[in-house]
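Chains as they are written, first to last, in UniProt numbering: chain P, 1 to 276; chain C, 1 to 276; chain Y, 1 to 276; chain G, 1 to 276.
Take these hints with a grain of salt, some might be off.
All copies of an identical chain are treated as equivalent in the list; a pair is satisfied when it fits inside any one copy or across any two copies.
SDA-like mimics (lysine to any residue), calculated; alpha carbons at most 25 angstroms apart, straight line [what the hints assert, rightly or not]:
#: 1; residue 1: Lys270; residue 2: Met248
#: 2; residue 1: Lys252; residue 2: Val276
#: 3; residue 1: Lys22; residue 2: His152
#: 4; residue 1: Lys252; residue 2: Met110
#: 5; residue 1: Lys22; residue 2: Gln137
#: 6; residue 1: Lys22; residue 2: Asp105
#: 7; residue 1: Lys22; residue 2: Val169
#: 8; residue 1: Lys22; residue 2: Gln167
#: 9; residue 1: Lys178; residue 2: Pro195
#: 10; residue 1: Lys178; residue 2: Thr194
#: 11; residue 1: Lys178; residue 2: Ala271
#: 12; residue 1: Lys87; residue 2: Gln267
#: 13; residue 1: Lys22; residue 2: Pro202
#: 14; residue 1: Lys22; residue 2: Ala104
#: 15; residue 1: Lys252; residue 2: Arg158
#: 16; residue 1: Lys22; residue 2: Gly161
#: 17; residue 1: Lys22; residue 2: Met154
#: 18; residue 1: Lys22; residue 2: His188
#: 19; residue 1: Lys22; residue 2: Glu251
#: 20; residue 1: Lys252; residue 2: His272
#: 21; residue 1: Lys178; residue 2: Thr232
#: 22; residue 1: Lys178; residue 2: Thr114
#: 23; residue 1: Lys270; residue 2: Met110
The hints are simulated quantities; they were obtained by calculation from the structure and are not laboratory data.
Protein chains: 4
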Amino acid sequence: METLSQSILTKTIRQRPADSYKGTYGRVTLIGGNRNFGGAILMASAAAVYAGAGLVTTITDASNQTSLHARLPEAMFADLNNHEQMKSLVQSADVVVIGPGLGADEAGLMALNTAFSALQPQQHVVIDGSAITLIAQHHLTLPDAHLIFTPHQMEWQRLSGIAIADQTVANNQPAVAKLNATVVVKSHRTQIYTPSAVYENPLGTPAQATGGMGDTLAGMVGGFVAQFSNATDAVLAAVYSHSAIAEMLAEKQYVVLPHQIIDVLPQFMKAHEALV
Amino acid sequence: METLSQSILTKTIRQRPADSYKGTYGRVTLIGGNRNFGGAILMASAAAVYAGAGLVTTITDASNQTSLHARLPEAMFADLNNHEQMKSLVQSADVVVIGPGLGADEAGLMALNTAFSALQPQQHVVIDGSAITLIAQHHLTLPDAHLIFTPHQMEWQRLSGIAIADQTVANNQPAVAKLNATVVVKSHRTQIYTPSAVYENPLGTPAQATGGMGDTLAGMVGGFVAQFSNATDAVLAAVYSHSAIAEMLAEKQYVVLPHQIIDVLPQFMKAHEALV
Amino acid sequence: METLSQSILTKTIRQRPADSYKGTYGRVTLIGGNRNFGGAILMASAAAVYAGAGLVTTITDASNQTSLHARLPEAMFADLNNHEQMKSLVQSADVVVIGPGLGADEAGLMALNTAFSALQPQQHVVIDGSAITLIAQHHLTLPDAHLIFTPHQMEWQRLSGIAIADQTVANNQPAVAKLNATVVVKSHRTQIYTPSAVYENPLGTPAQATGGMGDTLAGMVGGFVAQFSNATDAVLAAVYSHSAIAEMLAEKQYVVLPHQIIDVLPQFMKAHEALV
Amino acid sequence: METLSQSILTKTIRQRPADSYKGTYGRVTLIGGNRNFGGAILMASAAAVYAGAGLVTTITDASNQTSLHARLPEAMFADLNNHEQMKSLVQSADVVVIGPGLGADEAGLMALNTAFSALQPQQHVVIDGSAITLIAQHHLTLPDAHLIFTPHQMEWQRLSGIAIADQTVANNQPAVAKLNATVVVKSHRTQIYTPSAVYENPLGTPAQATGGMGDTLAGMVGGFVAQFSNATDAVLAAVYSHSAIAEMLAEKQYVVLPHQIIDVLPQFMKAHEALV
Chain P
1 METLSQSILT
11 KTIRQRPADS
21 YKGTYGRVTL
31 IGGNRNFGGA
41 ILMASAAAVY
51 AGAGLVTTIT
61 DASNQTSLHA
71 RLPEAMFADL
81 NNHEQMKSLV
91 QSADVVVIGP
101 GLGADEAGLM
111 ALNTAFSALQ
121 PQQHVVIDGS
131 AITLIAQHHL
141 TLPDAHLIFT
151 PHQMEWQRLS
161 GIAIADQTVA
171 NNQPAVAKLN
181 ATVVVKSHRT
191 QIYTPSAVYE
201 NPLGTPAQAT
211 GGMGDTLAGM
221 VGGFVAQFSN
231 ATDAVLAAVY
241 SHSAIAEMLA
251 EKQYVVLPHQ
261 IIDVLPQFMK
271 AHEALV
Chain C
1 METLSQSILT
11 KTIRQRPADS
21 YKGTYGRVTL
31 IGGNRNFGGA
41 ILMASAAAVY
51 AGAGLVTTIT
61 DASNQTSLHA
71 RLPEAMFADL
81 NNHEQMKSLV
91 QSADVVVIGP
101 GLGADEAGLM
111 ALNTAFSALQ
121 PQQHVVIDGS
131 AITLIAQHHL
141 TLPDAHLIFT
151 PHQMEWQRLS
161 GIAIADQTVA
171 NNQPAVAKLN
181 ATVVVKSHRT
191 QIYTPSAVYE
201 NPLGTPAQAT
211 GGMGDTLAGM
221 VGGFVAQFSN
231 ATDAVLAAVY
241 SHSAIAEMLA
251 EKQYVVLPHQ
261 IIDVLPQFMK
271 AHEALV
Chain Y
1 METLSQSILT
11 KTIRQRPADS
21 YKGTYGRVTL
31 IGGNRNFGGA
41 ILMASAAAVY
51 AGAGLVTTIT
61 DASNQTSLHA
71 RLPEAMFADL
81 NNHEQMKSLV
91 QSADVVVIGP
101 GLGADEAGLM
111 ALNTAFSALQ
121 PQQHVVIDGS
131 AITLIAQHHL
141 TLPDAHLIFT
151 PHQMEWQRLS
161 GIAIADQTVA
171 NNQPAVAKLN
181 ATVVVKSHRT
191 QIYTPSAVYE
201 NPLGTPAQAT
211 GGMGDTLAGM
221 VGGFVAQFSN
231 ATDAVLAAVY
241 SHSAIAEMLA
251 EKQYVVLPHQ
261 IIDVLPQFMK
271 AHEALV
Chain G
1 METLSQSILT
11 KTIRQRPADS
21 YKGTYGRVTL
31 IGGNRNFGGA
41 ILMASAAAVY
51 AGAGLVTTIT
61 DASNQTSLHA
71 RLPEAMFADL
81 NNHEQMKSLV
91 QSADVVVIGP
101 GLGADEAGLM
111 ALNTAFSALQ
121 PQQHVVIDGS
131 AITLIAQHHL
141 TLPDAHLIFT
151 PHQMEWQRLS
161 GIAIADQTVA
171 NNQPAVAKLN
181 ATVVVKSHRT
191 QIYTPSAVYE
201 NPLGTPAQAT
211 GGMGDTLAGM
221 VGGFVAQFSN
231 ATDAVLAAVY
241 SHSAIAEMLA
251 EKQYVVLPHQ
261 IIDVLPQFMK
271 AHEALV
């Protein structure tokens, strides 16, 4: 198991080439946010935009259209109930983030199935929150794509069948290999599994223990994977950045709100970019 | 009668344990905000989130869903008219805050009765604003739970039957004992009563005399009680913090807006946390 | 004609008495904002809140409820189409501000008539924008209350019948006397008329020449009149403050946006309050 | 081909005359933002307001009314489906900006045709995004007005028929002359064509490569043309300012968000105004 350090940032966050355009930095489609949990997909979407994704589209319940644009005019909106449009937006994406605030009910299941049916092998998909629960509950067949799961420990128990107390590296690794996925197991000390390696994030503060942190991380992972060519490094750098920013803010705050991490992200990334 | 001092803060606001998660910091369900008074529950909810509550759900009129998430994506939303969902969200809460902007009409009464019917003895409930008026007007039976009332002097008159001019410690104490509750009587110099003790807040500024201050305090009380093990100390620390921040801001402002107090709360709490 | 100076601020903005509550600082009801011009009443309402009014209610088209609370949770909302509720909210107000974004159509006229019918002699009413146009077009009978008009020069022409080129002090004074009102004639150098005196504001910058400035001033006038016992001084201090803040911001900005003036208002007032 | 320099700013951004009013700085009507792309017209509208346009009206899908006012109370709203009102608002404008987020579908086409039918020869119209695509796809007749196109390279290919690889100055100039328009071809190094001259913007940073940048530029162009008497210089100054601000922010940010450019615009313009 390798412990992450700041070097993952300079390894990953490259200086942008002068002659580039928004297509260079990827198209991210986020799917989530039912009527109750709209804030989750708003935070995930903002994280993707502030991470530097080129184009961001948010597919969410129609009741979230206005709060999305009130907070984040940079994102485009699509209606979660329009499954034809969803298919098209999934197909044209470089990265799909699905799950934040989606809800583990019938509507969430139908959206998840639609998105999965449209995914193609070269695409990356970040699977978070309710989407993980739905996969576990309904024994869904996973799509043929580059899979990145971002479960907290209870969601990982649901997905892997491994009880939280038994979630050791030795037990987790075979489960991850079977999924043929990257898995970010979120906890006090988040671990990141690929089929061939395990990493631990040494950072993290209890000031982060508040609703919406996971949604924000999922969006950051989406934004990083959309931009940086090595997907594993992109995931690692997103996880590390998320906690590093939280630790920085926690020096002066008892609790760190997710949107505050998002606000700081562009400056943080600039401070850690690798000069070519 | 004990006069509060800054020591209530370091006594109460503990350094967060490293190995904790959002569940550690409590689940707060807030109920209020009809179509006219939506801002009240938005401020109360934001106060709970910025105080550091782990998970916050706001049950409010459907017309407030978008403004809630536009200001506060960290909170979850539920519809005030969905009483089945409300019962479930009350049951799963550590702390319930009810009343800010609820309205003292029939719809408010029905919501209050539903919430009360779902409360359990180990739960804390902060009863504010219209909820206090409704209890007084309809002689409602109080639920078997840890009760915290946050009336201003007129609401306290309605609830206790004691006219404002007669609200002395000697008169208030038996009324509080009868309620078997903690009562925060808000005024120029707010007093906090428990069945066995009385405290006075020496702080407070006329710059605070503006709409929404009480709603903000109710949310802060909810957020503090959700996190800190001694509920009485949590109430005292919330009241003291609310006024201390206002006094700090009033050095440079003629009026202090409630949302400005909320914005400063995480920094204020950090500056006063007790290092373990 | 007296030229205003900074002394109007310290004469008017009194240090708040320690033992006061939100009722001390007045109840302001603002009426305006149809479906097209909602922003106008939002700015006026925010100006009243940030000026320090104790309680602010905004009566506006239902489609503006959410944007109001997204920007200003401190204000209460009421539906412009609910004339019974409007009457009640007018009657309970200390100051009514009517006109910003109201629209000069049939719906605006009906709202204006309803509000006027509910006013009582001791109340102050700030009449702005479309409300002035409606009075002129429909030859409405003015209510028996303390009237404050805030026309720009074209609106003053409509109301007084005096063409802009002829709006000299000598011509304006008899018209004002006939109205028995305070009239703020807004221009490059705003003049304030009472039945017995004329004042000129020496401040003002072309950086202020942008939509929404007048709405903001109307709200500030409402907020000042609600708090300060001498209504004429309150109007004068509001006009002076509005321009003084704009000049301050214009030192570093090519254009000054109305909401930026509002944001600075509490600090500006603190810097100029009279210590008792 | 002339390379732009900072001198275009002081040549264009004049010190505002003291005796001026909002009408002096122009009336800008923006048309765009369907249900999916509302953020685009919000950013364009904010850019026009923050650039200093005197009066801004945003004609957009009704579902964007609330997010518009939540972000920008300074703008007025009109419903994209109300074509009679649209005609009137186009006729009373000094500058029309059409296209950001309009959508290239039937509804967008109808709006575009309506707007074009109402334009008069002395008016300026900024044609952006979907509006350019619609003109190319439907071979629309251009209105008799001062035309400013702001295509990216692919949109310019659609409009001119010149493939991106062939978009040399020699090829572009005759196409621009035929359009009798000003054309801003956006790319890594944006070029601005008039029928008689070509300019290149030496500024621009890859940190700008994110969704919404073009919408923001279109709004800035509208705001500059509304205020400054030489329309060509106004376009050049808007293009130069947009990139100069982005470069300034990119010194500390990995990605620069469009709304951040807008926020800085009033200060930037002040720093570069020509003192008369």
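Going through the hints against the structure:
1. Lys270 / Met248: Intra 15 angstroms, inter 13 angstroms, cutoff 25 angstroms: intra and inter.
2. Lys252 / Val276: Result: close only across copies, 17 angstroms inter versus 34 angstroms intra.
3. Lys22 / His152: Between copies only: 11 angstroms across chains, 32 angstroms inside a chain, cut-off 25 angstroms.
4. Lys252 / Met110: neither (43 angstroms within a copy, 43 angstroms between copies)
5. Lys22 / Gln137: between (38 angstroms within a copy, 24 angstroms between copies)
6. Lys22 / Asp105: between (35 angstroms within a copy, 23 angstroms between copies)
7. Lys22 / Val169: Only across copies: Lys22 and Val169 sit 24 angstroms apart there, 39 angstroms inside one copy, limit 25 angstroms.
8. Lys22 / Gln167: between (40 angstroms within a copy, 19 angstroms between copies)
9. Lys178 / Pro195: within (8 angstroms within a copy, 60 angstroms between copies)
10. Lys178 / Thr194: within (11 angstroms within a copy, 58 angstroms between copies)
11. Lys178 / Ala271: neither (38 angstroms within a copy, 48 angstroms between copies)
12. Lys87 / Gln267: neither (34 angstroms within a copy, 44 angstroms between copies)
13. Lys22 / Pro202: Intra 33 angstroms, inter 19 angstroms, cutoff 25 angstroms: inter-copy only.
14. Lys22 / Ala104: between (34 angstroms within a copy, 20 angstroms between copies)
15. Lys252 / Arg158: Cα proximity of Lys252 and Arg158: none, with 36 angstroms in one copy and 42 angstroms across.
16. Lys22 / Gly161: Classified as between: cross-chain Cα gap 23 angstroms, same-chain 41 angstroms, threshold 25 angstroms.
17. Lys22 / Met154: For Lys22 and Met154, only the inter-copy Cα distance (13 angstroms) is at most 25 angstroms; the intra-copy one is 37 angstroms.
18. Lys22 / His188: between (35 angstroms within a copy, 10 angstroms between copies)
19. Lys22 / Glu251: Classified as between; 19 angstroms across copies, 35 angstroms inside a copy.
20. Lys252 / His272: both (21 angstroms within a copy, 11 angstroms between copies)
21. Lys178 / Thr232: Result: close within a single copy only, 17 angstroms intra versus 51 angstroms inter.
22. Lys178 / Thr114: within (23 angstroms within a copy, 47 angstroms between copies)
23. Lys270 / Met110: Classified as neither; 39 angstroms inside a copy, 44 angstroms across copies.
Hints 4, 11, 12, 15, 23 from the earlier list are contradicted by this structure; the remaining hints agree with it.
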